[in-house]
Every structure is written in C-alpha cells, then in structure tokens.
Amino acid sequence: MFGHACVVAIEVQDLSKVFETGRRRHRRRVDAVDNLSFSVERGERVAYIGPNGAGKSTSIKILTGILHPTQGEASVLGVVPWLDRRRLAARIGTLFGQRSLLWFELTPRQSYRMLAAIYGLDRRREEARIGELGDLLEAGDLFDMPVRSLSLGQRMRCELAACMLHDPEVLFLDEPTIGLDLLAKQRFRELLVRLNTEQGTTIFLTSHDVADIEHVALRAMVINHGSLIYDNEVVAMRRALLSTKLVEVGLSRPAPAPALAGVTVLEHTETTMKLVVDTVTTSIRHVLDDLLDGLPVADISVVDPPLEQVIASIYGRSAV
Amino acid sequence: MRGLAATFRNALAEVRSNRASFVSQISVMVLNDIVWVFFWVLFFRRVGSVRGWDGRNILLLLSVLTAAGGIALGVLANARRIGTMAVDGQLDAVLALPVPPLAHVLLRRVEATNVGDLVFGVVLFLSAGSPTPARAAVFVFAVAAASVLLTAFLVLAGSLAFFAGRNEAGELGFHAMIVLGAYPIDIFAGAAKVLLYTAVPAAFVSSVPARLIEDFDAGSAACLVAVAGVFAFAASASFTLGLRRYTSGSVWTR
Amino acid sequence: MTRRRWPGVTARTAALRVVAERGGMGVTLVFYVLVVVVLASLWRVAVGANGGNVAGYGAAAITWYVVTTEATVIALNNRLIADTGRDIGSGAVAVELLRPASVLGVRVFSELGRCLPRLVACAVVGGVLALVTAGAPPRPATLALAAPSLVLAVACNIVAQHAFAATAFWLRDAGSAWFLYQKLIFILGGMLIPLEALPGWLERTASLLPFRAMSYAPARLASGHLEPVLLVQQVGWLVVLVGLAGAAFRAGERRLQVVGG
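Residue numbers (the numbering used here), protein chains in the order written: chain A, 484 to 803; chain B, 5 to 258; chain C, 380 to 640.
Bear in mind the hints are in silico, worked out from the structure with no lab data behind them. All values reported here derive from a predicted model rather than from experimental measurement. Hints are supplied without guarantee of correctness; some may be wrong.
Looking from chain B toward chain A, a few residues come up when the C-beta cut is under 7 Å (computed) [said to hold, decoys possible]:
| hint | residue |
| --- | --- |
| 1 | 10 |
| 2 | 14 |
| 3 | 252 |
The beta-carbon is built from N, C-alpha and C at its ideal position, and this holds for glycine as well.
Next comes chain A alone, as it looks inside the complex (with noise of 0.2 Å):
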C-alpha cells in the first residue's frame, strides 16, 4: 500500500551495546546487547522476555533513544531513535515501571498538564483525552488526588494514562507490572489489551513474569546475554513451551498419590504434594476437579513455571 515503513513499527539490525564497568586495572566488558536484529509491524502486541540482567531495559533504552549503541542499526517509526530522540519521542510512549512520570506530590491532573504542554496538545484536545483515558483506564476519580496518597495498582494506571496522552503510536512498557499485586497486575494486562485493540497502539512489553506474556502478547521474544534465543507466537511458545503447570497440594491428612494421565508426582510428603500438570494431554480443571475429589485437600495453588525453566527448555530444545 504504503510501502514498507508503513507497516514496520521498529526494526532492528545487529543491534550491539558493550558497558565498560570498573576502573583502570579492573576495567570489564559486558556485552549488553549483542547482535541483535528483529522486526516488528505496527498493531502488534510483543512481550520481549528474558531475566534479569539479560539486555531487555539496555534493548528498549536504546530504542527510545536513551541510550546510544556501541554498533548496529535501529529504527523507530522510520526514526534513529539515538539521532532523533525528540521528534521520536513525541510519537511513541514510555513506562518505566519503576521510574515515574507523575510528581510524587501533586495530582495526576497537574503533571497531565504539563506533559500535555510539552507534547504540545492544546487545551481542548488535552481535556477531551484525559477525560477519554479516564474512562478507558477506569481511573477518572484518581486524576484528583495527590499522588503520594494512590496505592501502587492506582497509581500505575495513571502512569499509564500519562505515557498515552499524546496517543503514542508505540509504547514501550519495562516491567511495568513489577510490585503489583495478583488482581492489579490482571487488571492492567486487560487494560494493556484494551489499548492495543481500541486506539491501535503497537505494544511492546517487558517482563519476567510468564503470565504478562500469556495474557497481554501475542507474539513472544525471549532474550538472554543480550541475543535473542526465541521468536513466536504466544500460542505455538504455549504448546511448546508453556504447556505444564505446577499444582502444589496441602493435605489435611496423609493419603495415597493418585494415578492420573498427563500428571507427574514430582513430592509428596505426609501434608504436601507437588504434582507437575501436562496441559497438552489433560486440562488443568479437570485435573483439579479430580484432586478435589479425591484428596483430603487443604490447600492448592496453581502456578506458572518460572521463566528460567522455560529458557531452559528453550535451550533445551535448541540443543536437540
């Protein structure tokens, strides 16, 4: 239609950054990022993985143009983020999830204002879309009150709220669920989703919580030591990769484990039991309902594996 740049949000070409850390005699390198390339069109809504330490803040800070790269290329929205960081910046939106937007002390409202001024929204457009974000974000009556007085779940949803205010056509999110408790991180996952498919924003997502990936992507990059080792969809990465769970049982009395398919005893002592789910070949309900019926259950919980299991199979498998 338009071409290429059209549709090709950012684009990433052997993409390296290289830390010098330590002084003289002790001087280090660490590659941050290394050889990196990837692709990705607009409208998509990307979780780019890894843990801790493995490149993903250093990757999305050079593509917002905070940092600059040792080698390679990238472009933003047909922008070099690191030449051109202001004319970019007005078009694609940032959340940190651990540094603010908002001013600790006054209210959302007041630093909407400014950021509205410094994106050069004028008073009309300004109003129209904090009172529209308000609704979307579900968070109108928080815009009032001083910061310092909102619980975190609140308060990251007004940040989210300031990172769209001028309509980014990109948001890059950095662990923005990092704190935030089981029903706050649902909600902004929902909220996330909401954006993507009602204004059109390309999202793109870090994290090391496997279940950002599962309920805000749809396409999944994993990076470690700063390359990517992994690119799919979230459905094919949850077929191959994501299809067990872990079901840790409290039982009110000893009692014998039961025998069911596509379920892995992995402990079992006298008041607990861990049992590893296959959800290819069993469903995890069915699993549960079968527990509770024939257990003299306590307790339960249902958790994900931790993202290092799943790099490691990634590993894994790249080694078959």
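Using the hints provided, position chains B and C relative to the given structure of chain A.
Showing chains B and C alone in chain A's frame:
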C-alpha cells in the same frame, strides 16, 4: 517553550505543596545567611578595611552571591545534581520526553531552602546596598550574569560524571565555588587569583559584580557577560556530549 | 562486673567504614584544605593590615587557630542532627531499644568512630598546611594539649547534637531549625573568628555557653596559648552535655514506649 513553562509551574507547585515547610525552610536559610552578615560586621569592626574591602561592599558581595546562589541552587535546583543524575541513571524520564533535556532538568525542581538565599540576597541589597534605580539595575544585571555563570559551572562540573563515571568532581566544584565566592577576591594573590578568574571563576560570581554595583565600568561588565557566556556554552556542550555516554544505570541492571 | 565492650567495638566499626570509603574521605580533605586556605588567607591579610596583630593573634597564631577550628567542624557529619532527628521522628529508633545497650551510647560512639579518622586526617593535613604557609606553631608544646582537646571538642559537639536532635521525640519535622544550631559554632564557638576578637558583650556571652568547648578550646591551645584550664572546662561541659542528652533520650524513650512511634 510552553512545555518548559508548564514544567517550571509544576516545580513551583510541588515545592509549595507543603506551605508550612516551604515557609520554614526559607526562614531558616535567611537566618543562616544572617549569621554571615553578623560575621562580616564583627570582622570589619575589628580589622578596619582589608585591601579595599570594608563592611559596606562586603555586604554587596554577599547580596549578589546569595541571590545568584539562590537562583542556581534554589530555582534551578537540579543544576548541582547533574552529576548524581548522570551516575545513578536518573535522566531516563527526561530523555523519554520530546524536550531539550538540559533546560527541562534545570526547570524541573525548585528547592525551598535555597530560595531563601534569593530572598535574603534581595532583601540585603535593598536594606544595606544603598539602592538607587541605577544601582538596582546593575544589581539585577550582575545577579543574572552571576547566576548563569554559577549554574553553568555546576552543570559543567556535574557533566564530568558522564565521562568519569563518578561524581566527586561535581561535588568539589560545587563546594569550591560556594566557599571561594564567599570571600573578596583580593585576599588571594598570584596563581590562586588567576585561577579564580579563570578555571574556577568564583571572582565573577561575587567580587566582580559587587565592584560593578559600587563603581560601574563597561569593560568589567562585558568581561562578566563573556565569561558567563563561555561557561554556558561549555556546560551545554559537555552535557550534550555526556548524554552520548549516558549509561542510565544500566551497568547494574542492564 | 564485666567490662562493657560495645562502645569500643561500635566506634571501631564505624571508623573502619569511613577509612574503607576513601572517596568520601578525599572529598572531605579537599574541602577542608579549601576552607582553611581561604579563611587563613583572609585572616593573615587582616593581621597584616593591622600591624601584625589582631586581638593578640599574629599571622602564624591565627593560621594555626583556623586550621584547628575548621578541623573540629569539618570532621563532623554535617547532617548528624537532621539524620538523628529523622530516625527518631520516623520511629526507626524504636528498633534500637531492643538492643542491650544504651541507644544514645551506641549512636554517640558510632558517630565518634566515624569522625575520628576524619579528624586525624584533617589535623595532620592542617598541621602541614600551617607549617608550610605560616611557619611553626608559636609554642609547639601546646600542641600536646591541643590533641586531646580536639577529641574532647568533637565529643562535646556530637553529644550536644544528640541532645538537640532528641527534640524530635516530641516535635515532628523541626528538621530545618536544627540546621541553625551548627551556625552558632561559627560565631559563639569561635570557628570563624577568635572569641577575643568579638566585642566585649559577645565574648562574655560566648564564655558562658558550651559552644566554645567545641571549637575554640583546641584552637586557642594550638595557636600557642598554654591554658590547660581549657581542657578542664571541656571535660566539665562534656559531663553536663552527656547529662542533658541522656535525660532527653531517657524521657524520649519512655514516651516512645508509652505513646508508640
């Protein structure tokens, strides 16, 4: 421009959000500065005049220094934090915005305590500086130039942290300027004096402006403006170059 | 009775920490040199303009004086009152009540430990600086008295600051007012100006206050005045200040236990 104005408005709103503490912080600084007035009065009462400085023009020096310091450390409070921000990776939020980063950072934070210095400096000039319209005009000019110079020096010293990875130079630069600026330049001689007119231009943030108010001369005024301009340019250049080496605290967290 | 070990251990640990972070020590020393050079220049110029003598101090004496007063102040942590007050105001100090040692004691000894390495470093650098710029001390023997006097000065100051900070047990957010306490030492403690150079009424006022024990006393000794009575006065003030700070902390801790943090 509108963005910068809005930023500064928020910085003011933030510092005034706790009105009682805002007022008390300003008052404490004013009292603190009065201790210095007291010292100089006692000092010159005892020793008469020293190399052309007496109780009268030392108060002019103090008024310019505190007013300019109040602007550089109070109104543009982040000027002395550039080094820390560079080392700790606190510039991310600014760099994610479509604004000129240095201007935004400087306007983003007001410090009540040091605003007290500005208040004190102005009040001191009005009460002890024999203000006439002409002298007041020179005072405003001198304070403006001195605060540009002081701010630029702090930014320059802080920007060294981008290259050194540590902020000792910034800290020392800050202390050196404040300590050296607090005394009349003529108590120094030789190399020290040359240094204070050049690399650590403390002479231009207090002694030169004070003399200008007492006895205006176009040559010194031009000199003051030129030095402020050179340092402003160097500060902006070193900050901009420094950003290319900014590591955003990623060395630790990646 | 077993000998109590915690004061020594606390002080030594704090001292080792300061010595370990050399960067901070470097900044302190450079700052010290800067202030001393400037203030000593000012006074030497003033002495020169007054026929070589201001209030009984000649060029060498005034240099040794300034070198000493600045050491007593710069060796201290200048945020001590604010930090202590914050710990008290926020209730963090409640945790320290659980230790089997006095809250005030641990804090004072740890602060002493922190500041002694800095004090020694400043004193040595200051001594060299004075030797080079102004010559030998007017009466070298008095330095033997100045050394213990320096330690007493710093001890008096630290204890007094704790007494001040203890107001935080009752007052919330008096933080910035404490800042002014330090400024009293500038004039009434003789840091910027020898007490003899003050007008009579102010000199008499200063002689009744504890601040002179915190800065003036060692400087008077180092500048060649053989006045051992100064040491006695310092010890006297230290006892009084310890009594005050101890009473304030005991009352504060009782209040903390009754009212909660």
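Hint check:
| no. | hint | verdict |
| --- | --- | --- |
| 1 | 10 | holds (4 Å) |
| 2 | 14 | holds (5 Å) |
| 3 | 252 | holds (5 Å) |
Every hint from the earlier list agrees with this structure, and none is contradicted.
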